Amino acid sequence: MNTTEWDVLVVDLDGTLLCKQGEVSEQNLHALDSVRELGIEVVVATGRSFRECKHIVERMGHYGVCITASGSQLTTHEGEGITRSVVGSSVVEQVTNTVNAKGHRALLLKDDSACGMPYVLVGDSPLHDASTWWFESLHIPYLEVPLIEDDPYPEHTLRVGAVADASVLVPIANALEQQLRGKAKIQHWSAVTCSEATGSNIHLLEVFGESVNKWSMLEKHLGSSILPERIVAIGDGLNDIEVLKEAGLSIVMENADENVRAHADVFADHHDNDGFASAMTRWVLPGGRAE
Numbered sequence: 047m048n049t050t051e052w053d054v055l056v057v058d059l060d061g062t063l064l065c066k067q068g069e070v071s072e073q074n075l076h077a078l079d080s081v082r083e084l085g086i087e088v089v090v091a092t093g094r095s096f097r098e099c100k101h102i103v104e105r106m107g108h109y110g111v112c113i114t115a116s117g118s119q120l121t122t123h124e125g126e127g128i129t130r131s132v133v134g135s136s137v138v139e140q141v142t143n144t145v146n147a148k149g150h151r152a153l154l155l156k157d158d159s160a161c162g163m164p165y166v167l168v169g170d171s172p173l174h175d176a177s178t179w180w181f182e183s184l185h186i187p188y189l190e191v192p193l194i195e196d197d198p199y200p201e202h203t204l205r206v207g208a209v210a211d212a213s214v215l216v217p218i219a220n221a222l223e224q225q226l227r228g229k230a231k232i233q234h235w236s237a238v239t240c241s242e243a244t245g246s247n248i249h250l251l252e253v254f255g256e257s258v259n260k261w262s263m264l265e266k267h268l269g270s271s272i273l274p275e276r277i278v279a280i281g282d283g284l285n286d287i288e289v290l291k292e293a294g295l296s297i298v299m300e301n302a303d304e305n306v307r308a309h310a311d312v313f314a315d316h317h318d319n320d321g322f323a324s325a326m327t328r329w330v331l332p333g334g335r336a337e
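Taking the working numbering, I'd label the letters of the sequence shown as residues 47 to 337.
It should be emphasised that the hints constitute simulated quantities derived from the structure, not laboratory data. Since the structure is predicted, the reported quantities are computational estimates derived from the model, not experimental observations. Hints are supplied without guarantee of correctness; some may be wrong.
Stated by the list, open to error - List time: in silico EDC-like cross-link candidates among lysine to aspartate or glutamate, alpha-carbon distance up to 16 angstroms:
1) K266 with E304
2) K66 with E51
3) K291 with E304
4) K148 with E126
5) K291 with D318
6) K291 with D315
7) K100 with E69
8) K66 with E265
9) K66 with D211
10) K100 with E139
11) K148 with E69
12) K266 with E292
13) K66 with E292
14) K229 with E139
As the list claims (entries may be wrong) - Label pairs and their computed distance ranges (CB to CB):
15) E51 with D79: 28 to 34 angstroms
16) A160 with H76: 14 to 20 angstroms
17) E190 with F313: 27 to 33 angstroms
18) V216 with Q73: 16 to 22 angstroms
19) N247 with Q73: 28 to 34 angstroms
20) P200 with R307: 24 to 30 angstroms
21) S183 with D211: 44 to 50 angstroms
22) N220 with S171: 16 to 22 angstroms
Using N, Cα and C, we set each Cβ at its ideal position, and we do this for glycine too.
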């Protein structure tokens, strides 16, 4: 395809640009540079908070905006908040109390750029090993409080999360979906763990504001200046579906969730095999072949 067809590339991180070890390969970095050289705007769109992906953004040499927390926040490449969508206080309280009652910590992701604290962890239950590993490996500080009423930053919650075995979290998620229909967006999927980046039996429950997704935040960033048909999106996860559905070209990774694969225009190779780089060569960079 002729690259002049594209104005924007929206790229997911985990399961797409990153390998299972959470790193960006030299081939993928080179492909990113080639895309930028054509004048195509690169937008990072990830489920991570900015602090959780800051080292990746720096490694990418990225100077554009970042859509973080699955569309909850838009930041600069330095983490400065541009706009955000927070979870309503009643939803935060209900989800937190439900998760605590089942014997798990509630992980409240905060607008770090506004309050200076990435996470508030609510409850007295032991922190799941996967959460401990995540916070320690990325050097993410957090504040622990016993009750939701003790949260000092109630107005800055971007996401309420919980980590547990799938057999535990799925029933919780299903119950919350019924209780919070029309009030919040709920998703649950395999958590990133120390042994692998995707496919784990340990699940992450995430609760957002009702209208949160990567596409809606991209629209806020772009406004009416760029047509959807001039946007390329590449991803693998459930939080990529909306942007894949709307983009002019939707590239889905070989390793993608089955529910995501249904929204592909074309398929990229596995994320562990530099699938991002080969996809850019085939469908975005000059000399690629249309399929």
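Quick rundown of the hints versus the structure:
A threshold of 16 angstroms between alpha carbons decides the hint, and for K266 with E304 the separation of about 28 angstroms lies outside it, so the pair is violated. Distance hint between K66 and E51 is unfulfilled; the C-alpha atoms sit about 32 angstroms from each other, more than 16 angstroms. Between K291 and E304, the direct Cα distance comes to roughly 15 angstroms. Compliance with the 16 angstroms bound is thereby established for this hinted pair. Between K148 and E126, the direct Cα distance comes to roughly 35 angstroms. Violation of the 16 angstroms bound is thereby established for this hinted pair.
A C-alpha spacing of about 24 angstroms is found between K291 and D318, which places the hinted pair above 16 angstroms, so the restraint is violated. Under the criterion of a C-alpha separation no larger than 16 angstroms, the hint pairing K291 with D315 is inconsistent with the structure, at around 20 angstroms. Between K100 and E69 the CA atoms are separated by roughly 12 angstroms; this keeps the pair inside 16 angstroms, and the hint holds. Proposed proximity of K66 and E265 is contradicted: the alpha carbons are some 30 angstroms apart, above 16 angstroms.
Pair hint K66 plus D211 does not hold up; C-alpha atoms about 20 angstroms apart against a cutoff of 16 angstroms. With a C-alpha separation of about 29 angstroms, the suggested pair K100 and E139 falls outside the 16 angstroms cut-off, and the hint is violated. At roughly 34 angstroms between alpha-carbon atoms, K148 and E69 are farther apart than 16 angstroms, so this suggested pair is violated. Our distance criterion of 16 angstroms between C-alpha atoms is met by K266 and E292, whose separation comes to about 14 angstroms.
A threshold of 16 angstroms between alpha carbons decides the hint, and for K66 with E292 the separation of about 27 angstroms lies outside it, so the pair is violated. The straight-line distance between the Cα atoms of K229 and E139 is roughly 13 angstroms, inside the 16 angstroms bound, and the hint therefore holds. For the pair E51 and D79, the beta carbons lie near 20 angstroms from each other, so the given range of 28 to 34 angstroms is not met. Distance hint check: the CB atoms of A160 and H76 are about 36 angstroms apart, inconsistent with the given range 14 to 20 angstroms.
Between E190 and F313, the C-beta spacing of about 43 angstroms breaks the proposed range 27 to 33 angstroms. For the pair V216 and Q73, the beta carbons lie near 37 angstroms from each other, so the given range of 16 to 22 angstroms is not met. Roughly 31 angstroms separates the CB atoms of N247 and Q73, a value that falls within the hinted 28 to 34 angstroms. A hinted range of 24 to 30 angstroms is violated for the C-beta pair P200 and R307, which are about 39 angstroms apart.
Between S183 and D211 the beta carbons are some 20 angstroms apart, a value that contradicts the proposed interval 44 to 50 angstroms. At about 21 angstroms, the CB distance of N220 to S171 agrees with the hint of 16 to 22 angstroms.
Of the numbered hints stated above, those contradicted by the structure are hints 1, 2, 4, 5, 6, 8, 9, 10, 11, 13, 15, 16, 17, 18, 20 and 21, listed in ascending order.
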